[in-house]
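Colleague: Chain residues, written in single-letter form:
2 protein chains.
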Amino acid sequence: MAVNLTAPLAGSLHPVAGVRLGTAQAGIRKANRRDLLLIALDEGARVAGVFTRNRFCAAPVLVARAHLEEGEQVRALVVNTGNANAGTGESGLRAARATCDEVARLLGVQSTQVLPFSTGVIMEPLPVERVAAGLPACIADLRAGNWLTAAEAIMTTDTVPKAASRRVLLGGTEVTLTGIAKGAGMIHPDMATMLCFVATDAAIAAVPLRAVLAHAAEHSFNSITVDGDTSTNDAFMLIASGQAGNREIVAEDDSDFGVLRDAVADLAGELARAIVRDGEGATKFIAVRVEQGVSREECRKVAFAIAHSPLVKTAFFASDPNLGRILAAIGYAGIDDLDVARLQLFLDDVRVVSGGGRDPAYREEDGQRVMRQSEITVRVVLDRGTAAATVWTCDLSHDYVTINAEYRT
Amino acid sequence: MAVNLTAPLAGSLHPVAGVRLGTAQAGIRKANRRDLLLIALDEGARVAGVFTRNRFCAAPVLVARAHLEEGEQVRALVVNTGNANAGTGESGLRAARATCDEVARLLGVQSTQVLPFSTGVIMEPLPVERVAAGLPACIADLRAGNWLTAAEAIMTTDTVPKAASRRVLLGGTEVTLTGIAKGAGMIHPDMATMLCFVATDAAIAAVPLRAVLAHAAEHSFNSITVDGDTSTNDAFMLIASGQAGNREIVAEDDSDFGVLRDAVADLAGELARAIVRDGEGATKFIAVRVEQGVSREECRKVAFAIAHSPLVKTAFFASDPNLGRILAAIGYAGIDDLDVARLQLFLDDVRVVSGGGRDPAYREEDGQRVMRQSEITVRVVLDRGTAAATVWTCDLSHDYVTINAEYRT
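Residue numbers (the numbering used here), protein chains in the order written: chain A, 1 to 409; chain B, 1001 to 1409.
Next comes chain A alone, as it looks inside the complex:
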């Protein structure tokens, strides 16, 4: 059960001019479910992407990155679930390229204008022939209003489709942003999500587009964790079709740049947090905010030490204010000169720790009250500087073990 997360209403997802989506049931792993998505882009669209840093990155990641670097106009993105085409060596690369070839043939574009994405089980050969057989149905289904079915088609262990939409004004012109994401396990920074596709009709040049993407990734998918595992397949793609009619954003000092950057980061943040809310087995949604650090980097280290600790996460599952486990995580986060006597720890508004130990005014029932909530903020005040960072995570429950023990059965 996802934590305070429901499927978006189809009507809430605005079409993005120049971007059409089509899905199909290709039977890649299981029958009778949508498992293939094609995103077709009109000519003139620009695409930026960030990918997993896992050294064992999947074949489609290698191919998508190579095609992006070719610098040709991207005309299609193709996504299959059920099979990650990872840990598949040379034959996996051939399968990813064959998928692109088939999309290119059907759409009348070049193979290097197609970006492939896969998610699902690792180390199984991708059944390319099933992907190819499903593509005509995707093409027949292509339309701008298909964002919700697209979100459904990329789900694996997700229990809720993840999609969101925004409209903002750029220099008086309304532009639209709509995105979908999937991922519920193997969630970790660099990259955190498994897959996310955000499209806007804004006109923006390639260089500032990449800056918008980098900023959004840092404050969304690279700030969440479910289980500390970094996937082999993660990708976050940002598409700008350029059809909104706004004056093109050509550089980061353009007055519209900040508006678009913040809108994309806000949208990506919502999708990233949706992934945590739908974290495998999650029953609690937890924000960990670390303040007054020397650097954002050290704040993130402390926040992730807390967010990764299985002991902390099981205590949240149990609604047990076993705050010593949070202190222990702070203590091993790797800040060598941390002065624990200056640190303060809060659960929402309740100060729990000060002076190196339990706050004199802290009462167990206050901690217990916060821990029973489905949404909790852990706030650590380091009293060392002015930097801050927030990461989002969930608890560790029996269902996490069940889901991951039985994933392939």
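No wet-lab data here; the hints were simulated from the structure. You may find that some hints are simply not true.
Stated by the list, open to error - Quick partial rundown of chain B residues pointing at chain A, CB under 8 Å, derived from the structure:
#, residue
1, Asn1054
2, Gly1089
3, Gly1355
What the hints assert, rightly or not - Which bits of chain A does chain B cover? Going by a derived footprint, with three or more residues having C-beta under 8 Å, they are:
#, segment
4, 90–104
5, 117–128
6, 324–331
7, 352–362
Unchecked claim - One-sided and incomplete, this derived list gives chain A residues near chain B with beta-carbon spacing under 10 Å:
#, residue
8, Gly108
9, Thr232
10, Val340
11, Thr402
The C-beta atom is built at its ideal place from N, Cα and C for all residues, glycine as well.
Could you slot chain B onto chain A? The hints should help.
Modeller: Leaving out everything else, chain B in the frame of chain A:
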């Protein structure tokens, strides 16, 4: 249920001349269980210790380290369970010192000659008066044959007492080593165990004694992980009473040094692996060996990435040869120039991965056969150099969540 681990027979634990142990039921957290241990040392014993590097280290760790650094002869170690005296600030330090004062008063030694240790719940005040009230019973109980009851007295979530014994010849003289350990969660390198006390009657000077300890720690407690959490209280103490009658080992180039070093490492390794076998919720015991790395450090990074992955650990729990999860963990271990095409992965004798993907000869039923075993070796061959490292871990089961969600109830 611990994995292939049973309580040692009392008769298998050899007394160590010059070292006496006494336990008591002090009612520190729960009634009717041994929760207080006193280890009394004859004059002339030498003690070396390594402690947690957690910045939030507990009050007894700070006091024990300070007392060791004073350089006076240690005459007693006092250990309570039920309460870790961690995250307790100044009052925690006073409580740890008061414990030492009381031991010193009763034994007629200096307070700085006493080392305190605590394990149990964090952030609760230590009930010093109960510790003090229990000490006379410990003293009345002091004898050299009490190693097994001592092992029982330091258990927390442990299901099996952990103790082991060895005898080796140093220059023709038989010396004895006996040790006890506890810990089942919060197991992680630097320091991995929660508490371990090893005593020998060998005569050895302070400097080589510390070298023996450092070597043993590296190859035992710093090479295991259950859940990646580093405790606030971990300590590994090595006592040498000097009463065996061997020619004193005065330096590392002494011919007897290597014999004693290897015997202590072997004993500590057995105790460390016992902690993993009794890991919270463990159903499988897993050795992760990484070979042909550039350095021992990079081999350890890869091994710990595998051993820490919740996805890998739940797959072991499910006996599911979902080997892609192991590849993914290798991929994010942090070796930037890893060539995945050269890497080989084995499950016991079964080669699973070669050439960047599934080994052509691999059959799922072979992987399945190994995964069903209660003891499994994961072997990664990096083909980059000549270094190697082994770490030991266990699977992640439903019971881990249950134990840690309900620890305080």
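Colleague: Now, for every hint given, state plainly whether the structure supports it.
Modeller: We went through each hint and held it up to the structure:
Of the supplied interface hints, the one on Asn1054/B holds, with its beta-carbon coming within about 4 Å of a beta-carbon of chain A, less than 8 Å. Here the hint on Gly1089/B is kept, as its CB sits about 3 Å from the closest CB of chain A, short of 8 Å. Given hint, Gly1355/B at the interface with chain A, holds; its Cβ is 5 Å from that chain's nearest Cβ, closer than 8 Å. A count of 3 residues in the segment 90–104 of chain A with a Cβ less than 8 Å from any Cβ of chain B is obtained; the coverage claim is therefore met, three being the minimum.
Counting residues of the segment 117–128 of chain A whose CB falls under 8 Å from any CB of chain B gives 3; the rule of at least 3 is met. For a cut-off of 8 Å, the count of residues in the segment 324–331 of chain A with a CB near a CB of chain B stands at 7, and the three-residue condition holds. Chain B is given as covering the segment 352–362 of chain A, and this holds because 5 residues of the stretch bring a CB closer than 8 Å to a CB of that chain, at least three being needed. The interface hint given for Gly108/A is violated, since its Cβ lies 33 Å from the closest Cβ of chain B, which is over the 10 Å cut-off.
For the restraint placing Thr232/A at the interface with chain B, the shortest Cβ-Cβ distance is roughly 5 Å, inside the 10 Å limit, so the hint holds. For Val340/A, the interface hint holds, the least distance from its beta-carbon to any beta-carbon of chain B being 5 Å, beneath 10 Å. Given hint, Thr402/A at the interface with chain B, holds; its Cβ is 7 Å from that chain's nearest Cβ, closer than 10 Å.
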